[in-house]
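Chains as they are written, first to last, in numbering that gives the first Met the number 0: chain A, 0 to 342; chain B, 0 to 342.
Treat each hint with caution, since some may be false.
Heads up, the list lumps identical chains together, so a pair's fine if it works in one copy or across two of them.
Unchecked claim - Simulated pairs of lysine to aspartate or glutamate, DMTMM-like, Cα-Cα distance not exceeding 25 Å:
no.: 1; residue 1: K327; residue 2: D285
no.: 2; residue 1: K327; residue 2: D50
no.: 3; residue 1: K172; residue 2: E241
no.: 4; residue 1: K327; residue 2: D305
no.: 5; residue 1: K327; residue 2: E171
no.: 6; residue 1: K172; residue 2: E37
Source of the hints: derived by calculation from the structure; they are not laboratory data.
One letter stands for each residue in the lines below.
Number of protein chains: 2
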Amino acid sequence: MDWAVLLAGGSGTRFWPLSSPTRPKQLLPLAGPRSTAEETVARLEGLIPPDRVLIVAGGQLAGPLQRRLSIPFANYLVEPRPASTAPALVWATFEARRRDPDATILSLHADWVVPDPAPFVQAARAALQAARAHDRLVTVGVVPTRVETGYGYIVPGSPLGDACRRVARFTEKPDVPTATRLLAEGALWNTGLFAWTAERFLAEARVHTQEVAPALPRLDRGDVAGFFREVRDISIDVGLLERSAAVAVITADFAWDDVGGWDALARVRPADAAGNVLAGTVTPVDAAGCIAWSDGIPIVLAGVRDLVVVEANGRILVLDRARAADLKQILARLPPEVRDLPA
Amino acid sequence: MDWAVLLAGGSGTRFWPLSSPTRPKQLLPLAGPRSTAEETVARLEGLIPPDRVLIVAGGQLAGPLQRRLSIPFANYLVEPRPASTAPALVWATFEARRRDPDATILSLHADWVVPDPAPFVQAARAALQAARAHDRLVTVGVVPTRVETGYGYIVPGSPLGDACRRVARFTEKPDVPTATRLLAEGALWNTGLFAWTAERFLAEARVHTQEVAPALPRLDRGDVAGFFREVRDISIDVGLLERSAAVAVITADFAWDDVGGWDALARVRPADAAGNVLAGTVTPVDAAGCIAWSDGIPIVLAGVRDLVVVEANGRILVLDRARAADLKQILARLPPEVRDLPA
Numbered sequence: 000m001d002w003a004v005l006l007a008g009g010s011g012t013r014f015w016p017l018s019s020p021t022r023p024k025q026l027l028p029l030a031g032p033r034s035t036a037e038e039t040v041a042r043l044e045g046l047i048p049p050d051r052v053l054i055v056a057g058g059q060l061a062g063p064l065q066r067r068l069s070i071p072f073a074n075y076l077v078e079p080r081p082a083s084t085a086p087a088l089v090w091a092t093f094e095a096r097r098r099d100p101d102a103t104i105l106s107l108h109a110d111w112v113v114p115d116p117a118p119f120v121q122a123a124r125a126a127l128q129a130a131r132a133h134d135r136l137v138t139v140g141v142v143p144t145r146v147e148t149g150y151g152y153i154v155p156g157s158p159l160g161d162a163c164r165r166v167a168r169f170t171e172k173p174d175v176p177t178a179t180r181l182l183a184e185g186a187l188w189n190t191g192l193f194a195w196t197a198e199r200f201l202a203e204a205r206v207h208t209q210e211v212a213p214a215l216p217r218l219d220r221g222d223v224a225g226f227f228r229e230v231r232d233i234s235i236d237v238g239l240l241e242r243s244a245a246v247a248v249i250t251a252d253f254a255w256d257d258v259g260g261w262d263a264l265a266r267v268r269p270a271d272a273a274g275n276v277l278a279g280t281v282t283p284v285d286a287a288g289c290i291a292w293s294d295g296i297p298i299v300l301a302g303v304r305d306l307v308v309v310e311a312n313g314r315i316l317v318l319d320r321a322r323a324a325d326l327k328q329i330l331a332r333l334p335p336e337v338r339d340l341p342a
Numbered sequence: 000m001d002w003a004v005l006l007a008g009g010s011g012t013r014f015w016p017l018s019s020p021t022r023p024k025q026l027l028p029l030a031g032p033r034s035t036a037e038e039t040v041a042r043l044e045g046l047i048p049p050d051r052v053l054i055v056a057g058g059q060l061a062g063p064l065q066r067r068l069s070i071p072f073a074n075y076l077v078e079p080r081p082a083s084t085a086p087a088l089v090w091a092t093f094e095a096r097r098r099d100p101d102a103t104i105l106s107l108h109a110d111w112v113v114p115d116p117a118p119f120v121q122a123a124r125a126a127l128q129a130a131r132a133h134d135r136l137v138t139v140g141v142v143p144t145r146v147e148t149g150y151g152y153i154v155p156g157s158p159l160g161d162a163c164r165r166v167a168r169f170t171e172k173p174d175v176p177t178a179t180r181l182l183a184e185g186a187l188w189n190t191g192l193f194a195w196t197a198e199r200f201l202a203e204a205r206v207h208t209q210e211v212a213p214a215l216p217r218l219d220r221g222d223v224a225g226f227f228r229e230v231r232d233i234s235i236d237v238g239l240l241e242r243s244a245a246v247a248v249i250t251a252d253f254a255w256d257d258v259g260g261w262d263a264l265a266r267v268r269p270a271d272a273a274g275n276v277l278a279g280t281v282t283p284v285d286a287a288g289c290i291a292w293s294d295g296i297p298i299v300l301a302g303v304r305d306l307v308v309v310e311a312n313g314r315i316l317v318l319d320r321a322r323a324a325d326l327k328q329i330l331a332r333l334p335p336e337v338r339d340l341p342a
């Protein structure tokens with residue numbers, strides 16, 4: 000049967016000061032009234048029932064997620080520590096197979112914005128079918144709509160049939176010239192939406208993912224804590240997909256955004272006539288091109304252009320929009336008592 | 000004897016959202032740890048004793064001022080309504096003469112920043128002496144240090160002796176070309192620091208200030224409320240100084256700023272190496288030329304230039320510094336529920 004594994008980990012500071020360890024990006028109503036995690040679960044309706052949706056999250060997030068999502072409590076896989084995506088997916092795939100030896104898994108993240116669910120569901124269904132039909136780890140690529148240096152790219156290879164192709168190579172976060180060349184070659188954005196049978200995935204991981212595979216006997220014994228103590232942190236892309244020959248890619252056609260930071264808000268929320276994207280009580284007076292988020296305190300933007308202005312969690316950020324991608328480095332330069340948000 | 004009349008009226012929105020009707024500019028610690036009103040009273044020490052300092056203020060301000068200043072309560076003249084400076088000074092001068100028939104009055108405002116008190120006191124003493132020696136309404140002019148369109152100017156005329164000159168004319172808030180010409184002619188900034196004998200002042204007001212003088216019998220009867228009902232609002236400059244021939248000007252040499260708005264803060268507070276003037280918990284990261292005031296919530300300024308950023312009274316203002324002088328017009332465009340500060 001089809002299962003979904005929802006990766007909801009990651010503390011994330013890309014929406015500082017709105018995102019916090021207990022309320023990261025996936026719990027924020029970034030694109031509309033519901034959080035991206037709620038939207039993600041809603042998007043699976045009709046494709047995979049809630050009792051076959053597994054959620055991998057850290058301990059801080061399990062409670063907030065359980066309060067928001069209608070997923071059985073037994074389906075929450077609480078990571079003893081964050082260890083990137085390969086250990087999480089090995090554990091979740093192992094667990095799905097324990098419950099259903101014929102499990103086919105759809106792997107997705109809880110922090111994407113997908114405005115139109117129908118083509119997404121169509122692509123997910125196609126990926127699950129391709130994973131079974133070709134017995135491969137299937138990645139879903141979407142056609143890029145801009146030169147984006149923050150995403151990973153998939154260069155498709157020779158056809159396998161059913162619109163499914165081999166993968167020539169993966170390229171993570173290219174610079175602008177490389178990204179431009181990738182677009183010209185027909186490379187696709189790596190959405191992070193994957194499908195595989197549990198059997199094939201675990202077989203490939205045993206061969207290729209030495210950072211994780213030696214710890215698998217721990218899971219056999221039900222020793223999740225030991226598994227996480229033993230594994231080394233590594234992403235599924237680097238630790239498995241880039242190493243395995245049994246990968247494939249299908250091309251999908253849905254609007255998708257991983258909302259990587261404040262600047263991305265302008266892609267997923269409507270703008271006013273002056274190009275301002277405003278959330279909460281924000282009053283623009285001759286302001287243009289600004290992104291502003293008030294979490295309670297009214298903000299007035301007067302005569303300013305191309306700023307990110309955020310009030311949340313007892314902090315105020317005023318940031319040049321052109322520097323929005325550097326937020327992580329900017330935060331590293333703040334004194335801890337300013338950077339660390341009140342609990 | 001010498002008396003001081005401290006004008007502390009004016010609700011003022013020029014420091015919105017920090018200034019409020021109950022805590023206007025003169026109660027704010029704009030230039031240092033003490034409010035400008037406290038600094039003003041401290042500056043008079045050794046020149047005029049507290050029991051001869053009269054304070055004219057609106058009802059909302061009397062309490063806050065009394066809590067901060069060591070001035071006898073009987074010296075607070077609480078205006079029944081704001082009516083500009085001529086009625087206030089006529090009343091205060093009348094009251095000083097009632098207490099002391101030989102009163103000479105030094106008139107000053109509670110919202111100036113004067114970094115060095117010594118030359119100020121020297122000028123005030125000279126003005127009081129000149130007022131008695133020449134029996135004139137004596138204005139104090141300082142040599143301009145920049146082309147400033149927000150101030151009034153005094154063009155000195157022929158000498159009267161003792162460095163005291165007649166006034167050729169007053170010019171209020173000139174445009175840039177006019178201000179430039181005034182500087183070339185040797186015009187002085189009209190500080191608003193004045194001195195006069197009560198006798199001469201009331202005689203001149205009776206002749207020239209028809210908006211106020213007919214109401215004087217009310218003060219004779221102790222009917223302050225009736226006086227304020229009867230007078231018409233008019234400033235001392237327009238209502239008396241510009242009309243009287245018995246005016247004079249002395250040139251003083253002290254640093255003086257009326258701190259007319261957020262941009263003026265950069266003249267009265269020290270800047271960091273990047274030209275940022277910051278008050279409260281404000282962290283600049285590659286920010287330059289900004290003026291920021293946090294009244295409690297930490298502010299981060301990242302990669303931005305030439306902004307005014309203020310957090311106070313449950314509001315956040317982000318303003319182009321070049322537009323700082325337009326704050327009044329900007330406020331007029333805000334919805335009342337944003338503009339009006341919580342009580």
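25 Å Cα threshold - placement of D305 relative to K327: Both: 19 Å inside a chain and 23 Å across chains, each within 25 Å.
Reference check for the pair K172 and E241, CA-CA at most 25 Å: within, between, both, or neither? within (14 Å within a copy, 71 Å between copies)
I want to check one pair: K327 and E171. Are their C-alpha atoms no more than 25 Å apart within a copy, between two copies, both, or neither? Intra 18 Å, inter 51 Å, cutoff 25 Å: intra-copy only.
Within, between, both or neither: K327, D50 at alpha-carbon 25 Å: Neither way: K327 and D50 sit 37 Å apart in one copy and 59 Å across, limit 25 Å.
Using 25 Å as the alpha-carbon threshold, which applies to K172 and E37: within, between, both, or neither? neither (28 Å within a copy, 59 Å between copies)
When Cα atoms must be at most 25 Å apart, do K327 and D285 count as within-copy, between-copy, both, or neither? Classified as between: cross-chain Cα gap 14 Å, same-chain 30 Å, threshold 25 Å.
In this structure, the earlier hints numbered 2, 6 are contradicted, and the remaining ones agree with it.
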